[in-house]
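Line order of the protein sequences matches chains W and C. If you read the first sequence in our numbering, its first letter stands for residue 292, the second for the next number, and so on. If you read the second sequence in our numbering, its first letter stands for residue 292, the second for the next number, and so on.
Be aware that one or more of the hints could be misleading.
Given that identical chains are not distinguished, each listed pair holds provided it fits within a single copy or across any two copies.
Below, a list of computed lysine to any residue pairs in the SDA-like style, where the Cα atoms sit at most 25 angstroms apart [claimed, not checked]:
{"no.": "1", "residue 1": "Lys627", "residue 2": "Pro596"}
{"no.": "2", "residue 1": "Lys392", "residue 2": "Thr456"}
{"no.": "3", "residue 1": "Lys427", "residue 2": "Ile622"}
{"no.": "4", "residue 1": "Lys627", "residue 2": "Pro520"}
{"no.": "5", "residue 1": "Lys635", "residue 2": "Ala543"}
{"no.": "6", "residue 1": "Lys635", "residue 2": "His509"}
{"no.": "7", "residue 1": "Lys627", "residue 2": "Gly390"}
The hints are simulated quantities; they were obtained by calculation from the structure and are not laboratory data. Here the structure is a predicted model, which is why all the values come from computation and not from measurement.
What follows is the residue order along each chain.
There are 2 protein chains.
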Amino acid sequence: MSADRRLAPGSRIGILGGGQLGRMLALDAARLGYACHIFCPEPDAPAALVSAANTVAAYDDEAVLAAFAAAVDVVTYEFENVPAATAAFLAERLPVRPGPKVLSICQNRGREKSFLNGLGIETAPFAVICTRDDLKEALTTIGMPSVLKTMELGYDGKGQRMLNTPDEALAAFDALVGDSGKKLILEGLIDFAFEASVLVARNPEGAVACYPLVENRHANHILKETHVPAPASPQTAVSGEEIARRIAEGLALEGLIGVELFVTQEGRVLVNEMAPRPHNSGHWTQDAAVTSQFEQCVRAVCNLPLGSTVALGPAVMTNLLGDEAHDWLAILSDPKAKLHLYGKAEARAGRKMGHVNRLLD
Amino acid sequence: MSADRRLAPGSRIGILGGGQLGRMLALDAARLGYACHIFCPEPDAPAALVSAANTVAAYDDEAVLAAFAAAVDVVTYEFENVPAATAAFLAERLPVRPGPKVLSICQNRGREKSFLNGLGIETAPFAVICTRDDLKEALTTIGMPSVLKTMELGYDGKGQRMLNTPDEALAAFDALVGDSGKKLILEGLIDFAFEASVLVARNPEGAVACYPLVENRHANHILKETHVPAPASPQTAVSGEEIARRIAEGLALEGLIGVELFVTQEGRVLVNEMAPRPHNSGHWTQDAAVTSQFEQCVRAVCNLPLGSTVALGPAVMTNLLGDEAHDWLAILSDPKAKLHLYGKAEARAGRKMGHVNRLLD
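With these hints in hand, go ahead and build the complete structure from the sequences.
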């Protein structure tokens, strides 16, 4: 690929979505000399407060989308629930990275698992559920306990129910489908030793770079802590990183994705799900890796050489949820702690307000 | 001092000036959850592109300044040549940190040297020059070679002339004074082994934190490289840091200053000048210290606990002047290099376009 297909510093990066991931992406893009333009439906978004330009409009407003496309050089996103039609509309006009096909795979749990299994990568056993009869039949093979989830949308435990009894199963079906006619997916429960993730970036000329395997600890389905490196054998770490690399290549990824994994007691590595954007479990890279995941995402979508993914040492990232962000004074008093706050006005319970990175000795 | 005099994350920091120092200050302020408001006369300033708010107006427009004062919680600056009247006007309305007194000392080479000598800190010998006769008389004590400088303004070698002969001296006087009637200052030339600097921060409750002594190498009077740590004996390093600390306390500093030093062959440390703001020679802290100078400046002006000033290891910062910024691809290909670009459109010769930090092994 010729150098002129690289997007030089000074180019304009359009970001769909205005949350904290877009904010941190915009901050690192600015550091490299890029100007970001946030497109999101909500005014005063965290990302818009640190970006050169900002469009507040609905994702299906084509006139505004066309103007946005004309104002930027490449488009990426900071969350995966951008309507597929929005990504497709933009992709006819300029590079959208990752592309609409990647977005479409990551938006649908069934497509995602089929894609992974097609690459020979293990996932939880699953079945697509349209009717109560589908569910009854799937339970005979997948069994319980298992998890019933909406096929699309849903995050941080929203849109899913644990199934332990046939009665619970049918009640969960009714609650999740309601009168929407939405498809569901039944997933077998994995008996994992710990949850993990790997970030991987690939640029359009095909360079791939993986970060080390890390462990993620959740509370109430929300990420609470990331431990770097994961407490895994070297073989397990390599196998997690290999899986991420195969996914990046299988997707012909242009950008950065977070791959969520289950690691079993015996060191087997299964993929839980993928996010086609910077990932909460990659925030440690801001202070404990040579290249942050946000800088790496900018490098990938601008077709620059990828940065070093070497960790500076063991580290822990702790999310600040709701009121926990009020502890800023204690955190700032800890010489090892690096505080990151997202500029959100209201500290609602469970809301991601910020995080803290600590490099350990 | 009570905790309620701390400015909590979410507060609004007003910054006078919109250049790269303001830009990097705004980026680090955002990371901590603060919102920046840039006040500067030029549109499309590098800092404005990454800040929540932006006022483009003249520094003497009092109506606009009053509105700015009402819109922010504290004011700081990113360059020291803000008119004294502007700082005074704002300081009647809200905290201005560093305060107008510090600004006034740093703006005037004569006041600056007198202040330093009053603290028992050595500077170059100097004399205030109003007339040709003043200059002739001063040359009899200070001698030549020496340097004739404008008393105020001037940076990167602008507004100064080296004097080697009596004829040169009179020509320099005429050239620098012109018909402005401006005061000049004659400074004896220091036979230094190297130029150095120390950054020091002090918060309103009196905590002081110094960064290590670093060496600065100039080309054409413009900073080219900073080497961390400086090639100095431990005693010399401590004496540079002690000087910075005495200055911070002597000024009752609220904020961060850069102190430029001369270190002689024998390890004597003299102060060249001070800048009441983040300093080009402190850019290494972004990638090679626990706390960047920009985060430290935010902590100091918001009266937060100061961050750790420990260096992560030896490092070199290299300025990218003019066309050197076009080397971004080679820099991004170096796994040790951290690129910082300021988003300036035009790479004029000698213009500071960005810098690179490299942590050495």
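If the cutoff is 25 angstroms on CA atoms, where do Lys427 and Ile622 land: within, between, both or neither? Let me know, please. Neither, since 50 angstroms and 59 angstroms both go past 25 angstroms.
Identical-chain pair category, Lys635 with His509, by Cα at 25 angstroms: within (22 angstroms within a copy, 43 angstroms between copies)
At 25 angstroms max between alpha carbons, let me know whether Lys627 reaches Pro520 within a copy, between copies, both or neither. both (18 angstroms within a copy, 21 angstroms between copies)
Between Lys627 and Pro596, at a C-alpha cutoff of 25 angstroms, which is it: within one copy, between copies, both, or neither? This pair counts as between: shortest inter-copy Cα distance 13 angstroms, intra-copy 31 angstroms.
Homo-oligomer pair classification [Gly390, Lys627; C-alpha up to 25 angstroms]: neither (39 angstroms within a copy, 30 angstroms between copies)
I want to check one pair: Lys392 and Thr456. Are their C-alpha atoms no more than 25 angstroms apart within a copy, between two copies, both, or neither? Answer is neither: 37 angstroms inside a copy and 74 angstroms across each miss the 25 angstroms cutoff.
Between Lys635 and Ala543, at a C-alpha cutoff of 25 angstroms, which is it: within one copy, between copies, both, or neither? Classified as neither: same-chain Cα gap 35 angstroms, cross-chain 34 angstroms, threshold 25 angstroms.
Violated hints, in rising order: 2, 3, 5 and 7; the structure is consistent with all others.
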